[in-house]
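Asker: Sequence:
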Amino acid sequence: MKKKFVSKLIACGLIATMAASLVAGCGSKDNADKPAKKDDAEKVLKVAAVETAYGAQMWKDVCAAFEEETGVKVELTIDKKLEDKITPNMKAGVYPDVVMRSVGSEQALTETFVKDNNVVDLNDVLDMTVPGEDAKVGDKILPGFTENSIVKPYDDGHAYLMPMFYSPCGLWYNAALLKEKGWEVPQTWDEMWKLGEEAAKEDIALFTYPTTGYFDAFFYALLHSNTTPEQFAEALKYGEGSWDTKEAQEVFDVIEKLTSYTNKLTPAQANDNDFQKNQQLVLDNKALFMPNGTWIIGEMKDAPRVDGFEWGFTALPALKEGGERASYTFFEQIWMPKEAENQDLGKEFIAFLYSDKAAEIFAKSNAIQPIKGMSEKLEGDNKLFYSVYDTGAVAVMDAFATTDPVEGVTVRGTFFDPINSLVTGDKTKADWIEGIKKDSELLRKALKK
1 MKKKFVSKLI
11 ACGLIATMAA
21 SLVAGCGSKD
31 NADKPAKKDD
41 AEKVLKVAAV
51 ETAYGAQMWK
61 DVCAAFEEET
71 GVKVELTIDK
81 KLEDKITPNM
91 KAGVYPDVVM
101 RSVGSEQALT
111 ETFVKDNNVV
121 DLNDVLDMTV
131 PGEDAKVGDK
141 ILPGFTENSI
151 VKPYDDGHAY
161 LMPMFYSPCG
171 LWYNAALLKE
181 KGWEVPQTWD
191 EMWKLGEEAA
201 KEDIALFTYP
211 TTGYFDAFFY
221 ALLHSNTTPE
231 QFAEALKYGE
241 GSWDTKEAQE
251 VFDVIEKLTS
261 YTNKLTPAQA
271 NDNDFQKNQQ
281 LVLDNKALFM
291 PNGTWIIGEM
301 KDAPRVDGFE
311 WGFTALPALK
321 EGGERASYTF
331 FEQIWMPKEA
341 ENQDLGKEFI
351 AFLYSDKAAE
361 IFAKSNAIQP
371 IKGMSEKLEG
381 DNKLFYSVYD
391 TGAVAVMDAF
401 ATTDPVEGVT
411 VRGTFFDPIN
421 SLVTGDKTKA
431 DWIEGIKKDS
441 ELLRKALKK
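Read in this note's numbering, the sequence shown has 4 at position 4, and its numbers run on one by one without any break.
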């Protein structure tokens with residue numbers, strides 16, 4: 001599961017004395033023959049990574065490959081609930097050197113480090129030569145992945161969170177079911193509502209979502225598709241009056257109507273323990289569409305499903321016929337806390353993650369790096385999903401601006417979590433918008449300078 005990221009909202013530490021079950025050494029017996037500066041060879045690089053649907057083995061293999069390339073020993077902490085494992089150590093003053101944890105997670109650890117100005121400037125990594133190659137990191141990364149407010153959260157134009165695995169995000173469904181019923185994939189929201197009525201006759205809900213966190217990618221894509229670039233940028237900075245525009249109100253209208261077509265089991269299961277039950281609704285033909293990313297295939301690969309199930313994927317419908325259809329590009333991030341002891345080695349490790357060697361290891365687990373030429377190497381379902389931008393969908397790749405901490409206010413809590421209450425009827429659209437306006441004023445005043 002992302003944070004998700006996406007899913008649907010939105011890492012970090014290790015000490016050598018942690019229980020052996022939490023620390024995976026990636027050492028190689030052949031490292032002695034590899035070039036490494038004496039001082040570096042005597043150091044231990046501490047890497048903390050969240051285990052997602054891609055699994056843990058790829059990280060162990062990449063760490064081993066880095067050791068083989070550089071002679072540097074890596075100690076890896078990887079866990080599905082990484083924050084719970086490492087936060088006590090960080091509170092005690094012991095930090096990892098490198099952290100793989102994205103924005104948008106329920107505990108918002110990465111956002112907290114960014115808001116506290118507690119992340120290392122990684123802009124120089126873009127100019128580093130990839131270990132074992134001749135190319136520079138910045139020359140290998142796909143356009144757009146380092147020019148956004150996630151990677152560059154402050155106004156200094158520098159990168160602090162480096163882009164990692166990316167995934168087109170949109171609506172996932174059972175393509176075999178649509179074929180069986182003779183239903184077309186909706187191109188507009190009006191077509192979506194008509195399909196919702198048809199599906200209801202078959203006792204199938206139009207929509208579900210894993211958790212409210214998955215609405216981040218959904219919301220950004222929907223907002224982008226119905227606003228000008230200027231309106232979109234201003235809204236992501238909590239601009240005064242941004243939520244009063246006709247375009248923004250139409251976005252709220254779509255989400256409100258969509259909640260009325262949402263499977264009623266969804267809110268109770270929309271948490272980090274039960275989210276797969278909501279995803280299962282699509283596999284059981286109890287809901288048609290859900291927002292998600294390409295990791296869903298691996299995440300649900302062993303789950304039961306109706307006979308003939310076939311994954312389908314589409315960008316969001318357009319608000320108007322012929323209008324923009326958008327697909328958010330979710331990407332994960334890797335970063336370094338300022339308390340990292342081995343910052344130079346940490347940067348070298350991050351640079352190595354953009355090597356062809358590392359990218360191939362990741363790709364075997366369906367974790368695709370934003371590296372030029374990678375999509376050409378993909379096969380099967382991945383080639384289909386990653387080609388969504390070749391068939392007319394607009395790639396959206398930005399997020400709400402970073403602020404100083406605001407007590408009791410988070411982007412997920414303000415914009416996305418209330419959607420559960422819209423489904424249950426405990427809140428109205430007016431309540432939701434009122435909260436967004438109120439918190440946007442606080443967030444606007446706290447914007448990072």
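Honestly, the hints are just simulated from the structure, not real lab data. All figures in this text were calculated on a predicted structure; none of them were measured in a lab. Mixed in with the good hints there might be a few duds.
Simulated crosslink set (DSBU-like; lysine-lysine; CA at most 35 Å straight-line) [what the hints assert, rightly or not]:
| hint | residue 1 | residue 2 |
| --- | --- | --- |
| 1 | K357 | K181 |
| 2 | K437 | K237 |
| 3 | K81 | K320 |
| 4 | K43 | K73 |
| 5 | K301 | K80 |
| 6 | K364 | K301 |
| 7 | K264 | K60 |
| 8 | K43 | K60 |
| 9 | K438 | K201 |
| 10 | K246 | K257 |
| 11 | K372 | K338 |
| 12 | K60 | K194 |
| 13 | K194 | K429 |
| 14 | K437 | K179 |
| 15 | K438 | K427 |
| 16 | K60 | K438 |
| 17 | K115 | K429 |
| 18 | K73 | K277 |
| 19 | K437 | K277 |
| 20 | K320 | K60 |
| 21 | K364 | K73 |
| 22 | K152 | K445 |
| 23 | K91 | K286 |
| 24 | K80 | K372 |
| 25 | K437 | K427 |
| 26 | K115 | K437 |
| 27 | K427 | K80 |
| 28 | K320 | K80 |
Quick list of simulated restraints, FRET-style, between CB atoms [what the hints assert, rightly or not]:
| hint | residue 1 | residue 2 | range |
| --- | --- | --- | --- |
| 29 | A303 | K201 | 40 to 46 Å |
| 30 | K194 | S375 | 29 to 35 Å |
| 31 | D344 | D272 | 42 to 48 Å |
| 32 | D381 | G322 | 41 to 47 Å |
| 33 | D244 | K264 | 17 to 23 Å |
| 34 | D274 | R305 | 16 to 22 Å |
| 35 | N273 | S375 | 30 to 36 Å |
| 36 | G132 | E434 | 50 to 56 Å |
| 37 | D244 | D139 | 20 to 26 Å |
| 38 | G425 | G93 | 46 to 52 Å |
| 39 | G392 | Q57 | 21 to 27 Å |
| 40 | G144 | T87 | 28 to 34 Å |
Glycine included, C-beta positions come from ideal geometry on N, C-alpha and C.
Asker: For each hint, tell me whether it holds in the structure or not.
Answerer: Verification of the supplied hints:
1. With a C-alpha separation of about 45 Å, the suggested pair K357 and K181 falls outside the 35 Å cut-off, and the hint is violated.
2. Annotation: proposed proximity of K437 to K237 holds, straight-line Cα distance about 12 Å (limit 35 Å).
3. In summary, the hint linking K81 to K320 is not supported, as the alpha carbons are separated by about 41 Å, beyond the 35 Å threshold.
4. The hinted pair formed by K43 and K73 meets the criterion: a straight-line CA distance of about 7 Å does not exceed 35 Å.
5. Between K301 and K80 the CA atoms are separated by roughly 18 Å; this keeps the pair inside 35 Å, and the hint holds.
6. Proposed proximity of K364 and K301 is supported: the alpha carbons are some 15 Å apart, at most 35 Å.
7. Pair hint K264 plus K60 does not hold up; C-alpha atoms about 40 Å apart against a cutoff of 35 Å.
8. Annotation: proposed proximity of K43 to K60 holds, straight-line Cα distance about 18 Å (limit 35 Å).
9. The hinted pair formed by K438 and K201 fails the criterion: a straight-line CA distance of about 40 Å is larger than 35 Å.
10. With a CA separation close to 16 Å, the supplied pair K246 and K257 stays within the 35 Å bound.
11. Distance restraint check for K372 and K338: the Cα-Cα separation of roughly 30 Å lies within the 35 Å cut-off, and the hinted pair is therefore satisfied.
12. Proposed proximity of K60 and K194 is contradicted: the alpha carbons are some 48 Å apart, above 35 Å.
13. Between K194 and K429, the direct Cα distance comes to roughly 22 Å. Compliance with the 35 Å bound is thereby established for this hinted pair.
14. For the hint linking K437 to K179, the alpha-carbon distance of about 42 Å lies beyond 35 Å, and the restraint is violated.
15. A threshold of 35 Å between alpha carbons decides the hint, and for K438 with K427 the separation of about 16 Å falls inside it, so the pair holds.
16. Of the pairs offered as hints, the one joining K60 and K438 is violated, with about 45 Å between alpha carbons and a cut-off of 35 Å exceeded.
17. The suggested pairing of K115 with K429 holds, with an alpha-carbon distance near 29 Å, which does not exceed 35 Å.
18. With a C-alpha separation of about 40 Å, the suggested pairing of K73 with K277 is violated against the 35 Å cut-off.
19. A threshold of 35 Å between alpha carbons decides the hint, and for K437 with K277 the separation of about 33 Å falls inside it, so the pair holds.
20. Our distance criterion of 35 Å between C-alpha atoms is broken by K320 and K60, whose separation comes to about 47 Å.
21. Only pairs whose Cα atoms come within 35 Å are accepted, and K364 paired with K73 is accepted, the gap being roughly 24 Å.
22. The straight-line distance between the Cα atoms of K152 and K445 is roughly 19 Å, inside the 35 Å bound, and the hint therefore holds.
23. Distance hint between K91 and K286 is unfulfilled; the C-alpha atoms sit about 44 Å from each other, more than 35 Å.
24. A distance of roughly 29 Å separates the Cα atoms of K80 and K372; the hinted pair therefore holds under the 35 Å criterion.
25. Among the hinted pairs, K437 with K427 is consistent with the structure: their alpha-carbon atoms are about 15 Å apart, no more than 35 Å.
26. Restraint check for K115 and K437: satisfied, since their Cα atoms lie roughly 21 Å apart, inside the 35 Å limit.
27. Our distance criterion of 35 Å between C-alpha atoms is met by K427 and K80, whose separation comes to about 32 Å.
28. Taking the CA atoms of K320 and K80, the gap is near 41 Å; set against the 35 Å cutoff, the hint is violated.
29. Separation of A303 from K201 is about 27 Å and departs from the stated range, judged on CB atoms against 40 to 46 Å.
30. At roughly 34 Å, the beta-carbon separation of K194 and S375 lies within the given 29 to 35 Å, and the hint holds.
31. Hint check: D344 to D272, Cβ distance near 35 Å, so the stated range 42 to 48 Å is violated.
32. Evaluation of the 41 to 47 Å hint for D381 and G322 yields a failure: the beta carbon distance comes to about 29 Å.
33. Distance hint check: the CB atoms of D244 and K264 are about 31 Å apart, inconsistent with the given range 17 to 23 Å.
34. For D274 and R305, the Cβ-Cβ distance of about 18 Å falls inside the hinted range of 16 to 22 Å, so the restraint holds.
35. Distance hint check for N273 and S375: the Cβ-Cβ separation is about 34 Å, which falls inside the suggested range of 30 to 36 Å.
36. At roughly 55 Å, the beta-carbon separation of G132 and E434 lies within the given 50 to 56 Å, and the hint holds.
37. For the hinted restraint 20 to 26 Å between D244 and D139, the CB-CB distance of approximately 43 Å leaves it violated.
38. For G425 paired with G93, a C-beta distance near 47 Å keeps the hint of 46 to 52 Å intact.
39. The beta-carbon spacing between G392 and Q57, approximately 36 Å, falls outside the hinted interval of 21 to 27 Å.
40. At about 33 Å, the CB distance of G144 to T87 agrees with the hint of 28 to 34 Å.
Comparing the model with each earlier hint shows violations of hints 1, 3, 7, 9, 12, 14, 16, 18, 20, 23, 28, 29, 31, 32, 33, 37 and 39; every other hint is respected.
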